Amino acid sequence: MKKLLSIFLFLMAVGSGYQVQAAEDDKPFAEERIVLQISDPDPFKQTLVLNVASNLLKAYGQDKVDVEIVAFGPGLRLMFKDNVNSGRIQTLTGSGVKFSACKNTIAGMAKILGHEPELNSNAVPVSAGVVRIIELQNQGFKLIKP
Amino acid sequence: MKKLLSIFLFLMAVGSGYQVQAAEDDKPFAEERIVLQISDPDPFKQTLVLNVASNLLKAYGQDKVDVEIVAFGPGLRLMFKDNVNSGRIQTLTGSGVKFSACKNTIAGMAKILGHEPELNSNAVPVSAGVVRIIELQNQGFKLIKP
Amino acid sequence: MKKLLSIFLFLMAVGSGYQVQAAEDDKPFAEERIVLQISDPDPFKQTLVLNVASNLLKAYGQDKVDVEIVAFGPGLRLMFKDNVNSGRIQTLTGSGVKFSACKNTIAGMAKILGHEPELNSNAVPVSAGVVRIIELQNQGFKLIKP
Numbered sequence: 001m002k003k004l005l006s007i008f009l010f011l012m013a014v015g016s017g018y019q020v021q022a023a024e025d026d027k028p029f030a031e032e033r034i035v036l037q038i039s040d041p042d043p044f045k046q047t048l049v050l051n052v053a054s055n056l057l058k059a060y061g062q063d064k065v066d067v068e069i070v071a072f073g074p075g076l077r078l079m080f081k082d083n084v085n086s087g088r089i090q091t092l093t094g095s096g097v098k099f100s101a102c103k104n105t106i107a108g109m110a111k112i113l114g115h116e117p118e119l120n121s122n123a124v125p126v127s128a129g130v131v132r133i134i135e136l137q138n139q140g141f142k143l144i145k146p
Numbered sequence: 001m002k003k004l005l006s007i008f009l010f011l012m013a014v015g016s017g018y019q020v021q022a023a024e025d026d027k028p029f030a031e032e033r034i035v036l037q038i039s040d041p042d043p044f045k046q047t048l049v050l051n052v053a054s055n056l057l058k059a060y061g062q063d064k065v066d067v068e069i070v071a072f073g074p075g076l077r078l079m080f081k082d083n084v085n086s087g088r089i090q091t092l093t094g095s096g097v098k099f100s101a102c103k104n105t106i107a108g109m110a111k112i113l114g115h116e117p118e119l120n121s122n123a124v125p126v127s128a129g130v131v132r133i134i135e136l137q138n139q140g141f142k143l144i145k146p
Numbered sequence: 001m002k003k004l005l006s007i008f009l010f011l012m013a014v015g016s017g018y019q020v021q022a023a024e025d026d027k028p029f030a031e032e033r034i035v036l037q038i039s040d041p042d043p044f045k046q047t048l049v050l051n052v053a054s055n056l057l058k059a060y061g062q063d064k065v066d067v068e069i070v071a072f073g074p075g076l077r078l079m080f081k082d083n084v085n086s087g088r089i090q091t092l093t094g095s096g097v098k099f100s101a102c103k104n105t106i107a108g109m110a111k112i113l114g115h116e117p118e119l120n121s122n123a124v125p126v127s128a129g130v131v132r133i134i135e136l137q138n139q140g141f142k143l144i145k146p
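Chains as they are written, first to last, in my numbering: chain C, 1 to 146; chain H, 1 to 146; chain U, 1 to 146.
Just chain C, same shape as in the assembly:
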């Protein structure tokens, strides 16, 4: 029984180790790493941040640039399930762009709405948008707020 447990724990460890490895190797040839911030409510800012992501992919090539869009505050609306840009989000996700949604903002909106807002299935909740930005900066990402 003890042996079974240690095999299980070993597989867990290997499993989680593999996940981390996979995440780090997502863009092994990236020469630039860019985190784009959206925290404004204006719909034109949603278009602009997606345009900037597209321009980065076009300028450097999909494999040479690692782009993550972090939304917090009123900027979270970009990642709502029914946002008009969900088609573009899908396309950009297919090109390796990541979308991160601030859990603190989700919790704050849930209090007002009475329920959590429904998010785009490509958006990954992160503990706090600003903390995710700092983490990425510590990994060599440059922060740009379009």
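Hints are supplied without guarantee of correctness; some may be wrong.
Copies of the same chain look alike in the list, so a pair counts if it works inside one copy or between any two.
[Claimed, not checked] Here are the simulated SDA-like cross-link-like pairs (lysine to any residue), alpha carbons at most 20 Å apart as the crow flies:
(1) Lys111 to Ser54
(2) Lys142 to Ala128
(3) Lys64 to Ala128
(4) Lys103 to Leu57
(5) Lys111 to Phe44
(6) Lys58 to Met109
(7) Lys27 to Leu119
I should point out that these hints are in silico values taken from the structure, not numbers from a laboratory.
A quick note: this is a predicted structure, and the numbers were derived from the prediction, not measured.
Since the structure of chain C is provided, determine the placement of chains H and U on it from the hints.
Below, chains H and U without anything else, positioned relative to chain C:
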């Protein structure tokens, strides 16, 4: 007399040296240093920048993160004496968050108003907001504009 | 004939080499290099970004700070030929401030207008605003968005 003067000058020098030392040691255990910029007029931006400061304290712990909010341009309104957020500014100051107000903006507003705007007592005037931001960046602070 | 060609190629190389050298030596005594971003449509942002550029020149001295303003998205309007700030842009150019206009934005606006927008003669088109910002960051520029 000359001796008294040099003792006086010596104490002055020690005194100012001590002040600088104290300032640098404000957060000796800080692992992250973040300067938050506010230069927009929208009241929701005032709420957002204070939320981000709170989230940083919550995520890292009060002693592990050094946060300074720098206001210039229309963002200075956050640090007006009668701003609705003065209670939150007081609480955040108690947690070691610093508030810096651009003197160039104060001078510009004084020209229009006919007198200097009254500032929150926790706001410290700095020569120019942008210069303060650069100084902090040179000390290892990361700049984030919510 | 072959000799003439190599002389021509040599002069081309010298010529382009000289240009690069000249660009790098624009502000040989600069202690700070700052890229200011404008991507918002609000006219007050145009005033603010120019004020920040002026404050930087005043604080550090014209020879000690290298400032480039990069416009993209709706921020490009600052660099339209008929923008009300063209006088200030002229003065700042005289003090060594550079103005860069995003070609992707110009192309996007041309589609809507039916013709390219007329730009201020001091504005230099760059392939993509965000790519120019990244280039400058890689050269040691700090990015600030007023």
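- Hint by hint, which ones does the structure fall short of? 7
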